[in-house]
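**Student:** Sequence:
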Amino acid sequence: MTALSLYSYVSAAFDAWQQRPMLKTHLTEPTVLRVGPPWLDAALLRELPRHFSAAEARIRLSPAHEGEGRPLLPGQRGTSEQQEFDYLGRLRNAGLVATDNELAHYWVAMQSREVYLTALGRYFWALAKRSVL
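Mind the numbering: the sequence shown is residues 2 to 134 in this note's numbering, read in order.
Any given hint might turn out to be false.
[Stated by the list, open to error] Think about it this way: if two alpha-carbon atoms lie no more than 20 angstroms apart in a straight line, the pair counts; the simulated EDC-like pairs of lysine to aspartate or glutamate are:
| # | residue 1 | residue 2 |
| --- | --- | --- |
| 1 | K130 | D42 |
| 2 | K130 | E57 |
| 3 | K130 | E85 |
| 4 | K130 | E48 |
Derived from the structure by calculation, the hints contain no laboratory data.
Whenever a hint applies, use it, and build me the whole structure from the sequences.
**Tutor:** So, in structure tokens, the structure goes:
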């Protein structure tokens, strides 16, 4: 995390009618404030074309995606729908997947609605499709 990425994170918290924060700095190069693990493993990004047939494709969730016996106990894999639900949840946490009306994925599954890739998600989908990742 750099000073600029921290500013970007804080700035996104304000809406159009609020006063935006200002960043003043005399840095000549990016200063790393914190180093941490990535939000997603590259292997998860490589799976994007397997789950989304096209960058603009939508995945319809169903109550089976949430399934019985949630949360899964450690060591339990769950059904294929539950695994896909967990995968999409990781993508959502990284900002790669969104829903209409910004519903939580639980409600999207219970109401049989769809999830889709954000602009950043479509970018990584294209990279994964070309095997660049």
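**Student:** Next step is simple, just say for each hint if it's right about the structure.
**Tutor:** Okay, the hints, checked on the actual structure:
no. : hint         : result
1   : K130 <-> D42 : holds, 16 angstroms
2   : K130 <-> E57 : holds, 13 angstroms
3   : K130 <-> E85 : holds, 19 angstroms
4   : K130 <-> E48 : holds, 9 angstroms
Checked against the numbered hints above, the structure violates none of them.
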